[in-house]
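Residue numbers (numbering that gives the first Met the number 0), protein chains in the order written: chain A, 0 to 545; chain Z, 0 to 176; chain W, 0 to 236.
Because the hints were derived from the structure by calculation, they are not lab data.
This one's a predicted model, so the numbers in the text were calculated from it and none came from an experiment.
Glycine included, C-beta positions come from ideal geometry on N, C-alpha and C.
Any given hint could be a false lead.
Computed footprint of chain W on chain Z, listed as stretches where at least three residues anywhere in the stretch have a Cβ under 8 Å from a Cβ of chain W [said to hold, decoys possible]:
#1 75-89
#2 92-104
#3 124-134
#4 140-152
Derived DSS-like pairs: lysine-lysine, alpha-carbon spacing no greater than 30 Å straight-line [unchecked claim]:
#5 K419/A <-> K113/A
#6 K45/Z <-> K77/Z
#7 K419/A <-> K86/W
#8 K125/Z <-> K528/A
#9 K138/Z <-> K528/A
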Amino acid sequence: MTLEELELIVRSVRQENAAYDYEVNVCMDLACASQGAEKLRESLVAAGDASDKKIMVRRTGCMGPCSMGPLVRVDPDETLYSHVHASHAERIVQSLGDKPIPDLQCDLNEHFDKQVRVVLENAGYIDPERIDDYIARDGYKALLTALMEMTPYGVVHRITESGLRGRGGGGYPTGLKWGTVAKAGGDTKYVVCNGDEGDPGAFMDRSVMEGDPHRVIEGMAIAGYAVGASKGFIYVRAEYPVAVSRLTTAIREARRRGLLGNNLCGTTFNFDVEIRLGAGAFVCGEETALIASIEGRRGTPKPRPPYPAVSGLWGKPTLINNVETFANIPPIVRNGGKWFASMGSERSKGTKVFALTGKIKNTGLVEVPMGIKLREIIEVIGGGVSEGHTFKAVQTGGPSGGCIPAEMLDLGVSYDALLKVGSIMGSGGMIVMDDTSCMVNVARFFVEFCMTESCGKCIPCRAGTAQMYRLLSRICDGSATMDDLDMLEELCATVKETSLCGLGMTAPNPVLSTLKYFRNEYIEHIVHKRCPAGVCNIHAPAEVLA
Amino acid sequence: MSKLKLATVWLDGCSGCHMSFLDMDERLLELADLVDVVYSPLVDAKDYPEAVDIALIEGAVASVDDEKKIHKIRAHTKTLVAMGDCAITGNVPSMRNPIGPEAILNRAYVENASAQPQIPCVVVPKLLRTVRPIHEFVKVDVFLPGCPPSANTFHAALTALATSAPLDVAALTRFGA
Amino acid sequence: MSENVEVKTLTIDGHEVSARRGQTILEVARENNISIPTLCHLDGLTDVGACRLCLVEIAGVSKLLPSCVTTVYEGMEVHTDSERLQKHRRTILELLFTERNHICSVCVANGHCELQSLAQSQGLTHVRLPYRNPDLSVDASHERFTLDHNRCILCTRCVRVCAEIEGAHVWDVMGRGINSLIISDLHENWGASSCTRCGKCVQVCPTGALFDKSKVGSEHPKYPDFLPYLNLMRESQ
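Just chain A, same shape as in the assembly (with noise of 0.2 Å):
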């Protein structure tokens, strides 16, 4: 495959999508799905045959509001129906050509309008199994362009310009670890996709597996020329079948095209890239764990340094991002890192990519540029919480972030702005809390999560999230007192310092930074025996054998 080939291929896409008329775009991934997304299709399908207006049924990934889906959007008037049904099939293709049905479309504007897709960019346009799809919207350009006209140096260059960070959750450089990695001695180099999502509310790297696979994989094959590996791994947790089955399709699709494999546009380079599932395991999101998973392992971290850069799969120099990281290379390479890098705020580039969730209206996907204020995710795209409610606090980064409060919505998001105020950015996950939730209970739900997540390798991990966890139910059930408290604090402390693994060192944060920012709900659960959301059912200890 050739530049040249590639732009046949694009000609050929668009002329057969000129021939339609109207393009029905029916949002597939998992909320869509799960409210009979399939079945509209079918029925948009069948009605289409029957109509004489020429018109393309396509499946697509996720659109974005999956609280108003099954989602459908037409082109080329990029009208968006939500909560359609089968039955609106025939009411949707007789429509085409004439004005769009009134009480079926949804005004979206103001929450579409502060968004920036770069990560997206395909998102609800593309069918993810379909490689034409993704070449047409300028799929593989990037890595084509790499390979023809730069120098791996070059590519870790751009990647460095740009300031793209680490989207995981920490936040490393990701021009940093490209260059440590193609500076490591040895021929062979591991490329690790880190596709095991599983903070509790985060769906991003799922809809980007599933919705635009190939964008993955084409980030890999980047990494892959610019730090000279030629194997490449992604691994996903079992728990995403639909996430396997559309990458295992793209993988073997890009191998058909020549895009993966040996000799890539006639070049010296290979690379290929392997499927590994995860079998469960939130701590398995942690590299060195990972890696000892993929080996086929226990998955167990191990202390760093070494770091996986210079000593990672079976020893060799590995690099591992995590699926955003890489979905974000191609439109580096193709746009230029100072294009990224005009976007976000001083120290954050880009966009995010964030699983929006709980008391909140326009719940999903949704991509906006570094460095906008909370309160416009939540108040404008998010379209704010529930009628009659107040918000309460934000929580980012799942089970390693924290909560932040309403007085703080006035943050602008970037990696240095939340660790400052006690969270993190985490992996995307965005979960609003009203004045029903309880934020000790929250707590107590993140904590709980650790506790079943714990590898068990370290002391402080293992067993200090179970005290916390024993602590903070005695808080919940009112039999907690405030040395209680005290003693929670010096746990907290002690198990976010000395345990071994990110899992066990930000396993306190949804409690110290509930503690910081809400003390006085505590305060209410132990010293007054009341819980002011309502949640905890207080009552005194049955401790007396009957």
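Keeping the supplied structure of chain A fixed, place chains Z and W upon it in accordance with the hints.
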């Protein structure tokens, strides 16, 4: 200088700590110059006195009775000493915790009873679900681990407490000692 | 030993010490009679950095680092015994005592237990956290040895000695988090497992979790010192 009032209390334990206390032998006479024993299984007093200076508590809290006692003792004691592993960790009595009190009562009063098997409901106080160290119920001032703490430990600790001298417990004893 | 040994100088708790390149902080500290508490580390086994007792402070590094796997560098300034470290070590020991049922008074390892003596040396006289009291089993199916999960601290010394030194890999860890459990083979009874009956695991076990059936009461000293000796003998062959 008036002598300090000393109490010793026996909760859920084997009395081994008290035996070890008595093992101080002739040093008890020396101690008698510093303290008066005002309440103890070893003396006649039936009610816990109003104001006690030092109380040595042997045993864990295992029953509603123990729980009531330890709160009362705390209220009337200046320096409360957890004496021995049972008071500090739950020790042997706490070995019933993983299986629960029903199993223990059944084994003692039903399975192994030769006549009239029944779980007592009067006189014998009701058991708590778990046996727990006393510091989970009240504030403890000094911990003297050991099963039992040795006579030397008692002597050194009590002399230090009676004379307000510094006390390094870890140098004297440990869990299980 | 390489003829071109590179020497590093560093300070540990204010003492100037020298070390060979590649040595760990723990090795250097012990060579210089500076004690750092450990539980999962054992001379002769690979280090896993799991018990977190040997964490030290290094000037200029914000994280605490495990001295058993952190190698020295020139000019390194190490602190092994700050108040912060002491506090964390005690809390970690407290966590271990609450995790399972460590009843020292009736343990076969009483008086010869590393957990017990660490508690004493770190000044731990009581445990502030509530005991968990889990219901755990005892595997006495082996003709010579017993595994008592109540006493296990999951240091994985048995797992490592069996895999690395004996080459049998009978032991491994099952489950995760607080429910982790040492198992033989694929969770079979120890007596029915592929155990070679060498007894190395018993000797390296720091507590009374693995013990010799012929020992009663608290008369079970352990002799893990055979390991470095055995390794040395093997290397010289």
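How the hints compare with the structure:
no. : hint              : in the structure
1   : 75-89             : holds (count 5)
2   : 92-104            : holds (count 5)
3   : 124-134           : holds (count 4)
4   : 140-152           : holds (count 4)
5   : K419/A <-> K113/A : 25 Å, holds
6   : K45/Z <-> K77/Z   : 20 Å, holds
7   : K419/A <-> K86/W  : 26 Å, holds
8   : K125/Z <-> K528/A : 27 Å, holds
9   : K138/Z <-> K528/A : 22 Å, holds
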